[in-house]
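Asks: Let's have the full structure, built from the sequences with the hints guiding it.
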Amino acid sequence: MESLSPLFDGFRVALTPAHLGWSLIGVVLGTAVGVLPGIGPALTVSLLLPVTFSLDPTSAFIMFAGIYYGAMYGGSTTSILLNTPGESATIVTALEGHQMAKAGRGGAALATAAIGSFVAGTLATLGLALLAPPLVKVALLLGPAEYFGLIVVAFAAVTSVLGRSRTRGVVSLTLGLTLGLVGLDPRDGQARLTFGIPYLLDGIDPVIVAVGLFAVGETFFLAARHGLDIDELVPLKGSLWMTREEWKRSWKPWLRGTALGFPLGALPAGGSELPTFLSYGIEKRLTKHPEEFGRGAIEGVAGPEAANNAAAAGTLVPLLTLGLPTSATAAMLLAAFQQYGLRPGPLLFEQEPALVWGVIASLFIGNTLLLVLNLPLVGLWIKMLSVPRPLLYGAILVLASVGAYSVHSSPADLVMLGVIGGIGLALRLGDFPVAPVIIGLLLGPMAEQQFGRAVSVASDSVTQAFARPVAGSLLVVAVLLVAWPMLAATLKRFPLTVRRKP
Amino acid sequence: MPRPGLFATALILVVHAAARLSAAQGAPPASSAPDLTIVAPAAPGGGWDQTARVMQQVLRESGLAKSVQVVNAAGAAGTIGLARFVSADAGNGNALLVTGLVMVSGIATNNSPVTLADVTPIARLSGEYEVIVVPKGSPYQTLSDLVAAFKANPRAISWGGGSAGGTDEILVRLLADAAGVPRSGVNYIAYSGGGQALAAVLGAHVSAGVSGLGEFAAQLESGDLRALAISAPGRVAPTGHDSAGTGSGRTARGFNASAVPTIREQGLDVVLMNWRGVVAPPGISRAERRSLESLISTMSKSREWQEALTRNGWTDLTLVGDEFGKFITDETRRVVPLVVASGGESKRDWFGTLVLGALIAAVATAGMQRFRQRAMEPAIHATHAPLNRRSLSLVAAAVVLEAALIVPAGFVVASALAFTLVARGFGSRRIALDAAIGFALAAVVYLGFAKGLGVSLPTGPFG
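These protein sequence lines map, in sequence, to chains D and W. Letter 220 of the first sequence, counting from 1, is numbered 220 in the numbering used here, and no numbers are missing. To convert, take the position in the second sequence, counting from 1, and add 1000; that gives the numbering used here.
Hints are computed from structural coordinates only; laboratory data are not their basis. A quick note: this is a predicted structure, and the numbers were derived from the prediction, not measured. Any given hint could be a false lead.
As the list claims (entries may be wrong) - Under 7 Å between C-beta atoms, here's a sample of chain D residues computed to sit facing chain W: (1) Thr174; (2) His226; (3) Pro268; (4) Ala395; (5) Ser401; (6) Arg453.
As the list claims (entries may be wrong) - Among the chain W residues that face chain D by a calculated CB cut under 10 Å, a handful are: (7) Ala1077; (8) Arg1084; (9) Ser1163; (10) Ala1164; (11) Tyr1188; (12) Tyr1191; (13) Gly1195; (14) Asn1312; (15) Val1355; (16) Ala1361; (17) Leu1405; (18) Ala1414; (19) Gly1427; (20) Asp1434; (21) Gly1438.
As the list claims (entries may be wrong) - To be clear about the criterion: a stretch of chain W counts as covered by chain D if any three or more of its residues have a C-beta under 8 Å from a C-beta of chain D, and this derived list gives those stretches: (22) 1060–1073; (23) 1155–1161; (24) 1201–1209; (25) 1217–1227; (26) 1363–1371; (27) 1391–1403; (28) 1439–1446.
Backbone N, C-alpha and C define an ideal beta-carbon position, used for all residues, glycine too.
Replies: Structural data, given as structure tokens:
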């Protein structure tokens, strides 16, 4: 991997008509499942596994890679247009993206998401081709204490900036944390807040909560306000494309999102949601237009969208170099490798160079295909905003039920969807922000698990667990993030203070 | 979103057609071949789901069954699927449920009212042995070294493996019992998903790792991990065939599974396999039971099944009928005390307490603020925003209807009704047209995802 020549060999593999065809099928299929809330790339790959066994491995993986990247694109489309995140990694996109869509800038939001995803996907894939082995060595050094630190930083970055009233934001966040408690205690398997209902033992699926709060909650809310206030939804204002100003405001967030997403995605417990939360927090702090955040700031779409695509590429670093699956989709890809008798790991690059480099090359190709497919579709997607409301929300409800039902084949998930939708309605009516609920639900259990592991590994000593340079500094950063507003206010009294980045 | 729906459907069908064309054509089913339903009590992707789907493929291709439908019913270590199977499929001679060791322990930890004594054992099919590994730089060269350190200071040895109560933790607890270490002394660190446990061992964040041989095979091969012991009764085949899955001629280099000593060889009498099998519903006739047993044992001898075992890295553990029933009883007796004891020593739930405390405090603060604001500016808060109760109740009714009707009426009908109600709620007056559009949308989604991808969506009486 010292030179790029194996990558060119990879392009020779990936650019054959048949492989291009599989890549195209993959990205389109991925976009479709990304659009559907609740049905994601992991489920799709797992369901396709038995049928794809008859394909040769290279074709199958080229298609799977397309599905993976395509889902990241598709998820953002519904987040922006319908306030219905298709995947948990695109929840943050909905915050600013949907506000932009309401203000007639949906086209620009979709464009910055697509181009940002392309830029991030391409740079991160390049990173995967060049940096994978050293990166993974560093990633392995991070233990539970460091992950706990990272999660606390994400909490601090997001919670201090969400919502107009901090108290209300905290209510939503703790509600999310409480929902995250439901299920079995990860340390000893004891049931918590399950009220004797077996359905609750596995906890509440974050996807059902996301779909319930956003899609169903929004549908309930709009129904409750139907005919009462004129909702100013402008399908299009100004140009369909991004203006020069919007380009100027997008490119830095794209790069910052990539820089966050790729390494965090490569961490064994990083995931793709964490970098989107961090990116949103950072963009909100760095922007020159803080007043626009919450009302449709393009930076809040560009950064997180770049971050989630870069993270998707990052996930492949430990998968290909170590055989470490770090996300649900990566776990399915690993199962696919094993079905072909292949073992991702240190020896895969030597044993199957054509396959590995073919797949990496197909990631570049898939990314380009997605950009080419998605940009012209922006106009078409925008038309979706003109679909009459009765039909649009009817369709959203039907699609939301598919995703919710299919995992457990149980109507109980539909009941849960309705209950969470009711909570979403109550929060909206009471003017509480919705996003912190999801953040609490996703990050709370992660934080608890990593804290518990860190302490266990350190033979039950809390101080020993966090007296590590990286973990310690991360916790200090988190404290500074929370204390920054107060600190900044104090510093403002001294005119000579230079503005520093947090 | 009818557009992507249509597009996706077309594509999925293309993928399937293309994949199936190149697949071997199956034998024509015998006229007596049954229409089987296999319930996988797990989400798509795991070992139980893969077992069900491989069975589906083999039974179809060999013509042993006319049709095979796989239904996923995930949750609570399979006990949710088990409970549903026992109540919904009782007396059904053409239904099977995939089960395994993890369900045995799940029944105990979750206090499941339904147990494996309530179903009809058919056959144990396959399984994987567990391996105990340490990172390359670890001071422990043999299991005896590790166990000696474990005995000397139990809490100082951290064991990393899969989720609490699973096969990996069971093995660690069996080891502790055999070594005479008290149960409270075991420092087991549960990771969700194989990858995280593997990362923890590779990064030396835990002293030792426990998992199926297949999960660690690549790292053992490259020398990044060292295998100390395998949980098999005797040495496994040198290719690691027992579970490493080197089927397609890509044999392991540098790692010889037969060189890994068993736990028994190193002085502790512990054997454990992560077995999987199938059971039938309660209340089936003797004849139905016999025919299921013979169907499954014919399947397990078929070339297709044996190839699938090699491909997936599973060891053949076929054991049919009453012997399998006795095996389940023995495993239950051995495993349940271990997991129940581990659950009994409940730790204080500081995190839960903290979160609930914070929620109460936050809600109280928000309430106080609101109260104060109202007292200061009564004019602003006097009028609550009105609600359109009619619209809201129509949409809420749609959600209730979808949940209530999806199984009895099927996905398409329930969704078309829900669609119509929502459209009405948003002010549409063309009920017939809405119903038609809803039906078309639901039908497209059903074709694409249920027929095309194999997502389980209920068909209802009209399918």
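Asks: Check each numbered hint from earlier against the structure, then list the numbers of those it violates in ascending order.
Replies: none
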